[in-house]
Amino acid sequence: MSYTHIVPQERVLIESYCLEKKSLSYIAAQLKRSKSTIHYELKRCKPYNALQAQL
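When we follow my numbering, the leftmost residue of the sequence shown carries the number 35, and every step to the right adds one.
Keep in mind that the hints were calculated from the coordinates and are not lab data. A quick note: this is a predicted structure, and the numbers were derived from the prediction, not measured. Here a beta-carbon is modelled for each residue, glycine too, at the ideal position from N, C-alpha and C. Watch out, some of these pointers could steer you wrong.
So the derived label-pair ranges between C-beta atoms look like this [what the hints assert, rightly or not]: (1) L58 x Q86: 16 to 22 Å; (2) P81 x S36: 28 to 34 Å; (3) S36 x K80: 25 to 31 Å; (4) E54 x L85: 14 to 20 Å; (5) Y60 x N83: 17 to 23 Å.
Calculated pairs, SDA-like style, for lysine to any residue (alpha carbon to alpha carbon, straight line, at most 20 Å) [said to hold, decoys possible]: (6) K55 x R67; (7) K77 x A87; (8) K69 x Q43; (9) K80 x S57; (10) K56 x S70; (11) K77 x A63; (12) K55 x Y82; (13) K55 x H39; (14) K66 x Y37; (15) K77 x E44; (16) K66 x C52; (17) K69 x Y82; (18) K80 x V41; (19) K69 x S50; (20) K69 x S59; (21) K80 x L53; (22) K69 x L53; (23) K69 x Q88; (24) K66 x L47.
Using the sequences provided together with the hints, build the complete structure.
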């Protein structure tokens with residue numbers, strides 16, 4: 035199983051979905067990523083910010 039990094043465009047979408055109060059499951063389905071991947075990404079910074087998460 036190979037791992038692909040979350041790209042900046044996906045981080046912008048994650049931030050947008052978070053601002054819209056979308057669920058973890060919804061975000062994962064939209065990005066075709068696992069819920070755990072999205073969960074770990076959201077833990078990178080609170081509140082989630084795409085630019086901060088990219089650093």
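Now the hints, each set against the structure:
1. L58 x Q86: 16 to 22 Å: 19 Å, holds
2. P81 x S36: 28 to 34 Å: 31 Å, holds
3. S36 x K80: 25 to 31 Å: The hint (25 to 31 Å, Cβ to Cβ) holds, given that S36 and K80 are roughly 29 Å apart.
4. E54 x L85: 14 to 20 Å: The hint (14 to 20 Å, Cβ to Cβ) holds, given that E54 and L85 are roughly 18 Å apart.
5. Y60 x N83: 17 to 23 Å: 20 Å, holds
6. K55 x R67: Roughly 18 Å between the alpha carbons, so the hint for K55 and R67 holds.
7. K77 x A87: Holds - the C-alpha atoms of A87 and K77 are around 9 Å apart, at most 20 Å.
8. K69 x Q43: 18 Å, holds
9. K80 x S57: 16 Å, holds
10. K56 x S70: OK: K56 and S70 at ~15 Å, within 20 Å.
11. K77 x A63: 18 Å, holds
12. K55 x Y82: Roughly 12 Å between the alpha carbons, so the hint for K55 and Y82 holds.
13. K55 x H39: Answer violated: K55 to H39 is near 24 Å, above 20 Å.
14. K66 x Y37: At roughly 13 Å apart (the allowed maximum being 20 Å), Y37 and K66 satisfy the hint.
15. K77 x E44: 15 Å, holds
16. K66 x C52: 16 Å, holds
17. K69 x Y82: 16 Å, holds
18. K80 x V41: Status holds; Cα separation ~19 Å.
19. K69 x S50: Answer holds: K69 to S50 is near 17 Å, not above 20 Å.
20. K69 x S59: Between K69 and S59 the Cα gap is close to 6 Å, so the pair holds against 20 Å.
21. K80 x L53: 12 Å, holds
22. K69 x L53: 18 Å, holds
23. K69 x Q88: 19 Å, holds
24. K66 x L47: 12 Å, holds
Consistency note: the structure conflicts with earlier hint 13 alone.
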